[in-house]
Amino acid sequence: MDIYYHLSSDFTAILITLKLAIVTCFFLALIGTPLAYFLTFKSKKTKPFIETIVTLPLVLPPTVIGFYLIIIFSPETALGKIFIILTGEQLIFSFYGLVLASIIYSLPFWVQPLQASFEKIGRDTIRTSYSLGANPLDTFFNVIIPLSKKGFFTSFIISFAHTLGEFGIVLMVGGGIHGKTKVIAISIYDHVEQLSFGKAHILAGGMLILSFIILLILFYFNKKTVVRVK
Amino acid sequence: MSNLSVTLNGKIGNLFLNFEHHFKNDGITILYGPNGSGKTTIISALGGFINNLETRILFNGSEIHDIDKYPPNKRPFGIMFQNPILFEHLTVEENLDFVLKRNQLNTQNKSLISKEYLINQLELNSLLKRSPENLSGGEKLRVVLARTILKHPNYLFLDEPMSDLDIKYKAKLLVFLKDFNKKFKIPILYITHSIEEISQIGDQIVLIKDGKKIDSGSVSNILNRSSFVDLTGKFESSSILEGIVSRHDKNLHITTLDLNGQKLVVPGLPGKLNDILRVRIRSRDILLSSSRLKTQITENELQGLISSIEIEKNSAFSELVIVLKNFKNNKKKQKLRARITTYNLKNKKLLIDDTVFIYVSSVSIDRQAYQSK
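Chains A and B, in that order, are what the protein sequence lines are.
The opening residue of the first sequence carries number 4 in our numbering; numbering runs sequentially from there.
The opening residue of the second sequence carries number 992 in our numbering; numbering runs sequentially from there.
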């Protein structure tokens, strides 16, 4: 972590932001993908309940989630204690605290596009694969995943972009500690507060362009797929 | 000979299933019944896709209904679902290879159905490198059929496979299925609504209604029974007759069949000499007369005895069952159903045990060429 102090403060924030987005997407792939599969094909009675929980971060103010996460991550709770035993660090105000918060906050952005994609593939495709001799795991990796490339792509892009843009929740859970939990969004806020509009312009403009490009890539490729289907 | 016995009990959706049947032949068995009678459910249960029914499946001596022990991917069946699906991330050829890669062990004790044989028979050569999303409905269906067969299943289930096909290709595919069944002795369970398809490829037929088996037996028997007519409605009522090909007239393009000494002329040149040919005659296409007509109104004149008369209530029509005269004195009796107006029946004073002359135009004969033996 110490090397960050030698780099300019804004560059450090950029690195942390990108690292957070990548690590978050990695864990979302591991957690969100089976969840989307479960919601599409396995759950029946529990589906509305689980869907509600997954979607909650979309409607709740980030401060509400942030508030509860501060309580859950505090060193007094079981989770907080386990984390201290494992890493010697507090979960709250740590990078991994940020990652956990981002996973929860971006979960609907990973699950929903993928769930839509799985639903489009449908039960009949899975039945067909089974009837041809493929077991469920084989079917998942060799039929469902290749068929939902577009869904994965959308999930990744949207979750990535969404994590880049987080503010409220990362401020509350991470505390905006320089070199550790301070992301671009918080840096911009700090610059504006200190009236350094020039620095704010560079970061804000950079975010605007980056987000624009990311979304453009998404819509460009999704449009292309639609055309090809016709 | 393969031996498949199925018992299904329970409620699924609005349907109460109470079905039991022992499929015991290597031919093609038709599963016939109205929509929502449980046909697709039976195939799904056989495939291991339904777990909320009380199911018992005995296949060649072993119980295979336990879904934990015999999950769908371990069942020895080939299933073609009602909406056939190709994997769109694979080319046509890769779709065929998908099943080959996963079923190498299954092929050891059986005569190998080669990929090339199916590519030839089903005319898939030009499709192999293509992506499934660009295939027409008929092309897709052929690929799915080839892929299902390549599994080398011990039993093939086809759920209304021809419903989206144009007539010309349908005839070809039916011939393929019949030949395939004979060649490889893989029994087929075939769901269809089409009486044409039944009379063309069916050996056995099981009638089902509201989740229950109503009747079962050989196609030529069942199609002449009232249980079948009850399902199809009187308008579609028809009879299946079997005759031996006695003459092909290549100039006029007609074939003469011998029905125990009586002659029946059918259009086209189906079968070979001495083949047994099956034809379907719709009851509404038959004209009856108590005496021989002086002018030949059609090439086909048959003689028979009226064995039953049913005057339909609140309807203009009556249905007669006529036993065709047997001039060869063998034991085989063939029956014909005729549907005429009750007005006509009364006018001609037709009674049970009367001899009647039957007139059928060749045009209305469903010439489903089929050699049964």
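Please note that a few of the clues may not be correct.
Lysine-lysine pairs mimicking BS3-like chemistry, simulated, CA-CA at most 25 Å apart [said to hold, decoys possible]: (1) B:Lys1173 x A:Lys123; (2) B:Lys1263 x B:Lys1323; (3) B:Lys1225 x B:Lys1241; (4) B:Lys1173 x A:Lys50; (5) B:Lys1169 x B:Lys1120; (6) B:Lys1120 x A:Lys153.
Reference excerpt, derived from the structure (chain A facing chain B, CB under 10 Å, subset only) [to be verified]: (7) Ser132; (8) Lys152; (9) Ile217.
Hints listed in this document are in silico derivations from the structure and should not be mistaken for laboratory results.
Yeah, the Cβ is synthetic: ideal placement off N, Cα and C, and Gly gets one too.
Hints and how they fare:
| no. | hint | result |
| --- | --- | --- |
| 1 | B:Lys1173 x A:Lys123 | violated, 39 Å |
| 2 | B:Lys1263 x B:Lys1323 | holds, 22 Å |
| 3 | B:Lys1225 x B:Lys1241 | violated, 36 Å |
| 4 | B:Lys1173 x A:Lys50 | violated, 48 Å |
| 5 | B:Lys1169 x B:Lys1120 | violated, 28 Å |
| 6 | B:Lys1120 x A:Lys153 | holds, 22 Å |
| 7 | Ser132 | holds, 8 Å |
| 8 | Lys152 | holds, 8 Å |
| 9 | Ile217 | violated, 25 Å |
Hint check: violations occur at hints 1, 3, 4, 5 and 9; the rest are consistent with the structure.
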